[in-house]
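Asker: The residues making up each chain are set out below.
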Amino acid sequence: MKARVILIAVLVSALLAMSSVFGIASALDDILARGKLIVGTDLTNPPWEYRDPNTGEATGFAIELARMYAEALGVELEVKDYDWSALLPALVAKKIDMFAANLSRTVARSTKILYCDAYVIAPGVAVAKAGKFESLEEVNSPDVLVNTTTGSIFVDVAEQLFPEAELITVPTGAEQLAGLLGNRYDVTLTGKFQALDWMKARPELEILPGYLMMDSFAFAVPYDSFKLWSSFNVFLRMIKLDGQFGKLYEEWFGAEWDPVVIEHGI
Amino acid sequence: MEFSWQLVLKWGPSILKSLTITVEMFTLSAFLALVVGTVVPALMRLGIRPLNALLRIYISIFRNSPLLVFLFFLFYGLPFFGIYIAPFWCGVLGITLNEGAFLAEIIRGAIQGIPRGDWEAADSLGLGRFQVLRFVVVPQALRNAIPAITGQLSIVMKDTSLMSLITLAELTYIGNFIYSRTFNITGLFIVAMIYVALFAVLNLAARVLETRMRIRR
Chain A
14 MKARVILIAV LVSALLAMSS VFGIASALDD ILARGKLIVG TDLTNPPWEY RDPNTGEATG
74 FAIELARMYA EALGVELEVK DYDWSALLPA LVAKKIDMFA ANLSRTVARS TKILYCDAYV
134 IAPGVAVAKA GKFESLEEVN SPDVLVNTTT GSIFVDVAEQ LFPEAELITV PTGAEQLAGL
194 LGNRYDVTLT GKFQALDWMK ARPELEILPG YLMMDSFAFA VPYDSFKLWS SFNVFLRMIK
254 LDGQFGKLYE EWFGAEWDPV VIEHGI
Chain B
6 MEFSWQLVLK WGPSILKSLT ITVEMFTLSA FLALVVGTVV PALMRLGIRP LNALLRIYIS
66 IFRNSPLLVF LFFLFYGLPF FGIYIAPFWC GVLGITLNEG AFLAEIIRGA IQGIPRGDWE
126 AADSLGLGRF QVLRFVVVPQ ALRNAIPAIT GQLSIVMKDT SLMSLITLAE LTYIGNFIYS
186 RTFNITGLFI VAMIYVALFA VLNLAARVLE TRMRIRR
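Protein chains in written order, with this note's numbering: chain A, 14 to 279; chain B, 6 to 222.
It should be emphasised that the hints constitute simulated quantities derived from the structure, not laboratory data. Please note: incorrect hints may appear among the correct ones.
[Stated by the list, open to error] To give a feel for the contact side, a few chain B residues facing chain A, derived at Cβ under 7 Å:
{"hint": "1", "residue": "F85"}
{"hint": "2", "residue": "F86"}
{"hint": "3", "residue": "G87"}
{"hint": "4", "residue": "L170"}
{"hint": "5", "residue": "T172"}
{"hint": "6", "residue": "N181"}
{"hint": "7", "residue": "F188"}
{"hint": "8", "residue": "N189"}
From the three backbone atoms N, C-alpha and C, an ideal C-beta is built for every residue, glycine too.
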């Protein structure tokens, strides 16, 4: 009799242990249970995600979007700040629930993480000191130093479009801008919205004419967080229908959100 | 995230190139840091007051500030004053000044540990102040400090990895770069193994040096 009780106890605890190992509890359930959504980002990329210079608080289009989602779930939002190239490993290792940033969609990344629906299309551009280059073609030359952030989609873009030029990468958007202003390299590759944000207070910079490519941004979750993925996609669809997304878009980019063009682009 | 020999073949040349950069930077900056670390405490022994004050300021600034901050200053800050130093030389300069300060304190301690009798004996032989240091005190002090010095030199090796943050394509940079391109840990694994090998060589050299230099009194 006693042996049977012990046997049952052992079996039950083994089952409990297995349920946590095989991930029967979902990421979304964890988030709701702990009352907190933990997103990872690189807070050096205005206007997408950055620290407000006055308050030091994390903000930006992507952060506010994540905040809206956390509010819709009824939980708090915690923002963890990483170097860009450390974000994907952090997501795979589940140190964060969600990668909330201006994350481009690529096939290579899609083999490691689960993309939510894209939320915006954004062209990629090349930024340089004004007057340095006339056209994008001039960048493809052996004596030009091209820069972007380590692990960004622009590393591939640089290798495709500017194979002759030398490529050097830096960890975050802050260093990207500092190096460009300090002439550490001739040109840097980034998204158009970020370039426009840089140029607001810096008339010495200019965007070279033409786009490098069209890019789309999406949040991402670990591959087995289906519930979270589906819930976020529903949320995104809902706020596009009820106008909240359009309001957020206009607030951050000063341009009207055109669902026909942008949704078709995505 | 499996190990892939294909990636090793594909990225092998880049990894080898980055290894040479790491080794070059280590050799150069370890040598220069040793020079700084030996010359500074020797100069302090000469007893020239204004010079001592300056050297003390140097030591406390570099011992009490992170190397990375100084590197960022050299790399991103100086260009705003119109001064350009190539990333490699930013690294050599940064490590030399930073580790030089630590080595200077190590060797200063070793110099202070030389018995008074040795100084007096050298004096009584008619050696000048500089000669006492050059022929009697510093050689003994360096020998006594070997374990501490070689320990500090392994830190120099670790310091070289910081250069990945100022666009220098050394080992850590390449490991990160390969990972960010392939999402495969092979590159990082190879780089880690290379570091282990480098440290093994360094430790072996330290042990040999210690045995060779040991003197039975």
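Asker: Hints first: check each against the structure and report whether it holds.
Answerer: How the hints compare with the structure:
1. F85: Hint on F85 (chain B): holds, closest Cβ of chain A at ~6 Å, below 7 Å.
2. F86: Violated, about 10 Å.
3. G87: This hint is violated: G87 (chain B) lies away from chain A, its Cβ roughly 10 Å from the closest one there, beyond 7 Å.
4. L170: holds, 6 Å
5. T172: holds, 4 Å
6. N181: The hint holds - N181 (chain B) has a Cβ within 7 Å of chain A, the shortest such distance being about 6 Å.
7. F188: holds, 5 Å
8. N189: Hint on N189 (chain B): violated, closest Cβ of chain A at ~10 Å, above 7 Å.
Figure legend: structure checked against the earlier numbered hints; hints not met, in rising order: 2, 3 and 8.
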